[in-house]
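> The chain contents come next:
6 protein chains.
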Amino acid sequence: MEYNKWIADLQAGDEIEGFYLLKSAQIKTTNTGKPFLAGAVGDSSGAVDIKIWDYSGPLGTQDEGTVVKLRGSVSEYRGALQLIISRIRPAQEGDSYSLGDLVPVAPIDASEGWQEFLELVESLQDPDYKAVCETLLEQYGQRFRMLPGGKSMHHSFLNGLLMHTLYMARAAVFLADLYSEVVNRDLLLAGTILHDVAKCREFLTSPLGLVTEYSVPGELLGHLVMGAQAVADAARERGVPEEKSMLLQHMLLSHHGQPEFGAAVPPKCAEAELLSLIDLVDSRMEIYKENMEQLEAGQFSKRVFALDKKIFRHQ
Amino acid sequence: MEYNKWIADLQAGDEIEGFYLLKSAQIKTTNTGKPFLAGAVGDSSGAVDIKIWDYSGPLGTQDEGTVVKLRGSVSEYRGALQLIISRIRPAQEGDSYSLGDLVPVAPIDASEGWQEFLELVESLQDPDYKAVCETLLEQYGQRFRMLPGGKSMHHSFLNGLLMHTLYMARAAVFLADLYSEVVNRDLLLAGTILHDVAKCREFLTSPLGLVTEYSVPGELLGHLVMGAQAVADAARERGVPEEKSMLLQHMLLSHHGQPEFGAAVPPKCAEAELLSLIDLVDSRMEIYKENMEQLEAGQFSKRVFALDKKIFRHQ
Amino acid sequence: MEYNKWIADLQAGDEIEGFYLLKSAQIKTTNTGKPFLAGAVGDSSGAVDIKIWDYSGPLGTQDEGTVVKLRGSVSEYRGALQLIISRIRPAQEGDSYSLGDLVPVAPIDASEGWQEFLELVESLQDPDYKAVCETLLEQYGQRFRMLPGGKSMHHSFLNGLLMHTLYMARAAVFLADLYSEVVNRDLLLAGTILHDVAKCREFLTSPLGLVTEYSVPGELLGHLVMGAQAVADAARERGVPEEKSMLLQHMLLSHHGQPEFGAAVPPKCAEAELLSLIDLVDSRMEIYKENMEQLEAGQFSKRVFALDKKIFRHQ
Amino acid sequence: MEYNKWIADLQAGDEIEGFYLLKSAQIKTTNTGKPFLAGAVGDSSGAVDIKIWDYSGPLGTQDEGTVVKLRGSVSEYRGALQLIISRIRPAQEGDSYSLGDLVPVAPIDASEGWQEFLELVESLQDPDYKAVCETLLEQYGQRFRMLPGGKSMHHSFLNGLLMHTLYMARAAVFLADLYSEVVNRDLLLAGTILHDVAKCREFLTSPLGLVTEYSVPGELLGHLVMGAQAVADAARERGVPEEKSMLLQHMLLSHHGQPEFGAAVPPKCAEAELLSLIDLVDSRMEIYKENMEQLEAGQFSKRVFALDKKIFRHQ
Amino acid sequence: MEYNKWIADLQAGDEIEGFYLLKSAQIKTTNTGKPFLAGAVGDSSGAVDIKIWDYSGPLGTQDEGTVVKLRGSVSEYRGALQLIISRIRPAQEGDSYSLGDLVPVAPIDASEGWQEFLELVESLQDPDYKAVCETLLEQYGQRFRMLPGGKSMHHSFLNGLLMHTLYMARAAVFLADLYSEVVNRDLLLAGTILHDVAKCREFLTSPLGLVTEYSVPGELLGHLVMGAQAVADAARERGVPEEKSMLLQHMLLSHHGQPEFGAAVPPKCAEAELLSLIDLVDSRMEIYKENMEQLEAGQFSKRVFALDKKIFRHQ
Amino acid sequence: MEYNKWIADLQAGDEIEGFYLLKSAQIKTTNTGKPFLAGAVGDSSGAVDIKIWDYSGPLGTQDEGTVVKLRGSVSEYRGALQLIISRIRPAQEGDSYSLGDLVPVAPIDASEGWQEFLELVESLQDPDYKAVCETLLEQYGQRFRMLPGGKSMHHSFLNGLLMHTLYMARAAVFLADLYSEVVNRDLLLAGTILHDVAKCREFLTSPLGLVTEYSVPGELLGHLVMGAQAVADAARERGVPEEKSMLLQHMLLSHHGQPEFGAAVPPKCAEAELLSLIDLVDSRMEIYKENMEQLEAGQFSKRVFALDKKIFRHQ
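Protein chains in written order, with the working numbering: chain F, 415 to 729; chain E, 415 to 729; chain Z, 415 to 729; chain H, 415 to 729; chain G, 415 to 729; chain S, 415 to 729.
It is possible that part of the hints are untrue.
Identical copies carry no separate label here, and so any pair may be met within one copy or between two of them.
As the list claims (entries may be wrong) - Below, simulated DSSO-like cross-link-like pairs (lysine-lysine); rule was C-alpha separation at most 27 Å, straight line: (1) 723 / 544; (2) 565 / 483; (3) 419 / 465; (4) 724 / 437; (5) 565 / 716; (6) 703 / 544; (7) 483 / 448; (8) 723 / 483; (9) 544 / 448; (10) 716 / 419; (11) 716 / 442; (12) 442 / 544; (13) 544 / 483; (14) 448 / 437; (15) 724 / 419; (16) 448 / 565; (17) 724 / 483.
Derived from the structure by calculation, the hints contain no laboratory data.
Same shape as in the complex, but just chain F:
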């Protein structure tokens, strides 16, 4: 009996026990009319199909996305492994397991990252932009820190939005200095910090924090417009001058670069233009990274959906 063995390491014949994420679960009926549960469990290393024979509950579809403790044996079925479960129960308070083992988590030290992020906010010289950032982080901070960057395209792991925003902020600080003649550092940095903050309202998340779906306001308004409204409200509350509020709203509304990519308005000042490019840089570099991890040197990928092309991992 092996304890919390990685899914990726399972082999036919293994007897295992431990905590796993219940990814899907459906009560079905055999040809002979007996109930059973079919579904899948996973950890951050992968996933495996499960069966629980003669089982009609209490676990079922309503528990997808939660942690379970299980015992079972691994066999092979039609060329793939499956896990036949003999005991299963929901995780309870007091159980001891590591969330980071069960769901994908950003490859950064989240505490340090969050600290650096707060220092970047602190570094804003302009009291108005700083005030808006502070107000919005008070509202959204805790969710913002944990949220993935998206559902599947890139950064779709816990702390993903923090990681994405942090890398962009580092680039923003550097490029604001390189192009200081046209770029106001504080406007660029504040825009970068807040550009995706309304994803906190745009996404629905599973119990463990992964993005499962878009919310109704996410679909009807979008995170660009919701972000701009949040900026407008915060600016009003903090007494920020109208032009600064408008510029910061413009940063958020235009950060997808072009209307056909979702921008509510095209970027019309240098900081907005640069923010949209930094967003492209960071998301593309992460897409390359996530896809290149699957490749060996000298090999091309299959067509990467988010880039609409194959990519190459050189030596």
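Following the hints, put chains E, Z, H, G and S in place on chain F, whose structure we already have.
Frame of chain F; chains E, Z, H, G and S shown alone:
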């Protein structure tokens, strides 16, 4: 000496006096170094170039878009008429002239139109949508009633926005009834009433009320986003439930139909889809009307910029 | 034994008898070499897979799309229901069943709709446009009345083309009045009445009247060009002046609005422009309706193919 | 006094007399109120501005596009030549001049070309396709032989449509042989012969035969649809089987290759696909030729409008 | 026992022996833990699934794409045929079978085609263009002669590139003569001969010569750029003047016609323009041919991926 | 008499003498037949029209783009200034003037910039990438250092290409560090250094070094392909391994990001993707800078051609 003769009726040799709109005015210098004013005056029938010899002020560029009283004689220069002005002064309080003779005005009875418009608001059964409409009309009503629908594409005359919205509202009421199985009449009608209300902030206007330019918030935020924010604020103030506020915001944000035509989000409910189509119907019919007035039966127009094609006036 | 039980109401264990539509039928061979028939039957409420063991005919692929009388029992196989048939025969003259129970039919009273449609034709004041409409309805009327509006996108049920055309005609009458300064009511209405009439030649239909495929002339010429030719021929036969014939042909040739959506020429007069927009309005409202019927309030659909987006059903 | 001197050879100081094409003519008034005529005359070598002082008619705008006999002297005005005319009259019956000297004419022997064209029609083995070609050439032949291929893009000279069709037919015959496994020679050749025949109705022409404008049916129906209708009518008259008529109509309807380039339907058989490509080949080669004649070896052109790029003339 | 029976002719119950292409092969395990091989074999007429029970080698995935000798019996499984193999071994030296029976081969006499191709090279009058062609054929000739034209779109059979190039060269010679005023025959012909020569480096091929994948340089540089570099190197080696080298490189770089279709630069001389069109003509005619072979007269195809439309086979 | 007065400071009545750039010059004839020269002179502050009366040479069109010494007086003509020149001669050896006063020069210290650039090359750790950079800088270095970045879009001043490349290299070094998990610093930096090096062959320049036109190889091959060939040749000469040569070529070939923006192949490795984005960042920031210098705070620009939108200069 003819008084307030229509510009369109001027002929070489005419001596005229009256009130006209000073459309452009620039102080220049002749080859021999003498100052003169070159520019144009107009009324709702057309425009004509002017010259004032030996003139260095007080009228000049700063007075473009205002009404002047003038006296002058009409001659021909290089195949076109021009008006040589002998006396000119700004219109003053107490002068008696009709604004409608000087600038283009919508071909509707504006009072009746406004009355009908208020009755349409009144006809809303849903107290929430009605409350938002009332609040925004309190804020923007007077400007909304006078504003042109745009700078040059269509409805670019006084009361143009009222006329455009009124025609759309009539169509909305009819189509809400025809498609009552999928369309909530009050959501569609409220969305129609408010869809362009933020043009009141998007446009800058001349002293006589014509659109001269986009405002800074108009360029940076656009009337779709500003309208949605105004709805959000009014809804909050009036205690409107969140979902209704969101739906009404969605109507405004999506009314350009597609991102490449300026929609911040694509329409995702039947009312939003229909609003975007009614907007197309009314603007295209008006473009046809304004262009067909220039044509004789059996004739094709030149390429119409707003439609990117030639149009035909049949018998 | 239940008689003509709705497919949607079947449960494992049911014994049924009645008339159903044979949707597909294929003679196959078991591993042990015995012939059997596998396929599906349906009614307007849904469809279910069938098996007839030890069966090699006479029914088979050639009977798809016809009505059969059958007796059988319902069981469950791999999580879905299937109907094991013990007796089956083609429907015969004298059998009594309702077509409307077996295939989807437009949710309108077809007789009243047809009556209203004929009155709309009758309402045409212009004798030339009226003559062309009458001639084409003589040729195509019976097929036109029954034909679906299409294969699967929208209105794909019996009387669908009539319903689509009728709703458009109602909108046309209203909008011709609203925009009477630019729109000739009779040209718009005649164009609306005839715009899809050549779908009668474009579609192939099953024995029960549903669209199965495009015809060869449908693929090579399309219903726009075929419709225009039919108008040209009818106009010549009825002595209609050339310009009117041409205008009516132009209405049909341009009613898809833009070349990339299939228009042979872009609309160049106000009536043609408006017809293309009314077509958009009615088809989109029907797509919303058909898709929203599958949704609960507060829910988003999956991506709707015909709209290329998800849609929302609000409260 | 030089007689019929080429416009391209004129120099300041020349005294000339002869027949020229009156390209434009407008009666104007000098500053001192005297009437004069300003316009331009041309021959196939070029054009020059004209002035006729103290002239109020009878020649004027209504005579544009006709031939005049004139006498005048050449001078320079603002860096360009102009011709001051002392005598002018319309050309009369009995005057002797060569049309080919006055308007651009295709660089082919038109009689031989026409003969070859008729032989190509004669070479059709399929009696049905041949019958349709014969019928349409009876209707349109004389105009077809003289008509330019277009207004300005390419082949915009007399006999231009014949030349374009003839070159395409030569290519069609060759390629039908090369791809005889997929291409029916007679269908391809008949489609090629007829593809632009309805330009005879699409274009309006000046008295000398150049294209001045599109006709009303040209704008509302287009030469593709008009050509297909002419084929349909001819086929019916000559008893051609329906499928052949349909295929030939399809050739004409699809010969612009793609809807966005004006095709009413996309090509769906090999002959239609090939016809659209042969049309591209011949029109592009002629555009290169007409533009390269303006260039010296080793030189790039300005941006060529019809190709949207610069082209190169190599050694 | 039938020998080398065509796959397309197999029927349940056949006992066969012969040489076939091993298209895929994978060692798997039954539910009871026994090894077996599942895969497919094919010849130029088609392919069939195979099973080898109780088999763990030596044949396996590493032998895909090679020829095997096998004996087996045909049965039906889930409605499709499968071949249960009792004996199998790799083809050996000395075995006698025809490659053309096992893999698709161009429907031309490859020796005659190659001879004609060499004569076309020989026909070049310009010693410089000829020298470059000769040099590149020395380098790539043998591979060029055998290589398919592509992986799956068209000409994806042995000698396919030769066939494609040969047909294009025939068209080039004819069209160079037809448009001799703008086209240099030798530049066009040399460009045609060499346009795809670098596909020899762009493609990876299976042991039997079919294209399996793009090479790394094929993906990173593409055959247009690699071809141009090969021309540049050959021209330098053979002392060809710079302008001629450049023109020939331009032919190769631009032969996809437009940047969005892969051209590195757009065609800017008449020969380059014509080459890109000839390439379109030949590839489209071949796509029609390959797809029409699957159709009966009067029938439409399914959507053809390479053309994005359905095509028609007429009588 | 003022010496070398800035063109931007001229006023009617000024008498000036000094060195200026002859921007255009054309010998013309007055109405009375006398020769004169019309053209323009400029310095880095602007340009002014010139006239030289009674002048037929020796200066003329052939001297455009060279420096002249002139004396003249400033007057006003039709509302604009013009300079009537009384004496003019070409600049000679020994004349003393500053080139930087006459043509626009990059706002960097070119010596320091060049030094920094060389140090960046020196910083390459990879001996192969370094070798290729060194070889190409030996070939192109002197021209590269002086060349503008383009003709008019951005960086169209002396040392513009150096400035553009230098800023990009700074960003490349920073971002290679930020994304070190996916980016090879030396490949990115070498690609950045060389990405536009072939503009040295693509542009033709005036005597003073400004870009006047594209060269023939520039038009037929483009700087992407020429750069890749130069890399291939240098790599072969320096014994660089094939894969590294190929990767570096790929960087150059793909640096326009997408085929429709001129990329010969799309970027397929992380370094190529990043290079194309850094190029976008630097060119857009410079476009903003050059356009914002024309604006006052709070003002929008006219539509900027290179961005296809208006831009805003905020406080």
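> The structure should be examined with respect to each hint, and the outcome stated for every one.
Cross-check of the supplied hints:
1. When the C-alpha separation of residue 723 and residue 544 is checked against a cutoff of 27 Å, the pair qualifies neither within a copy, at 40 Å, nor between copies, at 30 Å.
2. Taking the shortest alpha-carbon separations for residue 565 and residue 483, only the intra-copy value of 26 Å comes in at or below 27 Å, while the best inter-copy value is 50 Å.
3. Taking the shortest alpha-carbon separations for residue 419 and residue 465, only the intra-copy value of 18 Å comes in at or below 27 Å, while the best inter-copy value is 35 Å.
4. Within a single copy, residue 724 and residue 437 get their C-alpha atoms only as close as 29 Å, which misses the 27 Å cut-off; across copies the closest is 25 Å, which meets it.
5. Within a single copy, residue 565 and residue 716 get their C-alpha atoms as close as 20 Å, and across copies as close as 16 Å, so both meet the 27 Å cut-off.
6. When the C-alpha separation of residue 703 and residue 544 is checked against a cutoff of 27 Å, the pair qualifies only between copies, where the shortest distance is 26 Å, while the shortest distance within a copy is 32 Å.
7. In the homo-oligomer, the alpha carbons of residue 483 and residue 448 lie at most 27 Å apart inside one protomer (24 Å), although the nearest pairing across protomers, at 33 Å, exceeds that limit.
8. Within a single copy, residue 723 and residue 483 get their C-alpha atoms no closer than 41 Å, and across copies no closer than 39 Å, so neither meets the 27 Å cut-off.
9. For the identical chains of this complex, residue 544 and residue 448 are neighbours neither inside a copy (62 Å) nor across copies (57 Å), given an alpha-carbon limit of 27 Å.
10. In this homomeric assembly, residue 716 and residue 419 never come within 27 Å of each other (Cα to Cα): the closest approach is 30 Å inside a single copy and 37 Å across copies.
11. Only between protomers do residue 716 and residue 442 lie at most 27 Å apart by alpha-carbon distance; the minimum there is 24 Å, versus 35 Å within a single protomer.
12. With identical chains, the CA atoms of residue 442 and residue 544 are never at most 27 Å apart, being 55 Å at best within one copy and 50 Å at best between copies.
13. For the homomeric pair residue 544 and residue 483, neither the shortest alpha-carbon distance inside one copy (46 Å) nor that between copies (54 Å) is at most 27 Å.
14. Taking the shortest alpha-carbon separations for residue 448 and residue 437, only the intra-copy value of 23 Å comes in at or below 27 Å, while the best inter-copy value is 31 Å.
15. Taking the shortest Cα distances, residue 724 and residue 419 never come within 27 Å of each other, neither inside one copy (33 Å) nor across copies (40 Å).
16. Taking identical chains as interchangeable, the C-alpha atoms of residue 448 and residue 565 are never at most 27 Å apart, the minima being 36 Å within one chain and 41 Å between chains.
17. Taking CA atoms no more than 27 Å apart as the test, residue 724 paired with residue 483 passes in neither setting, with 40 Å inside one copy and 37 Å between copies.
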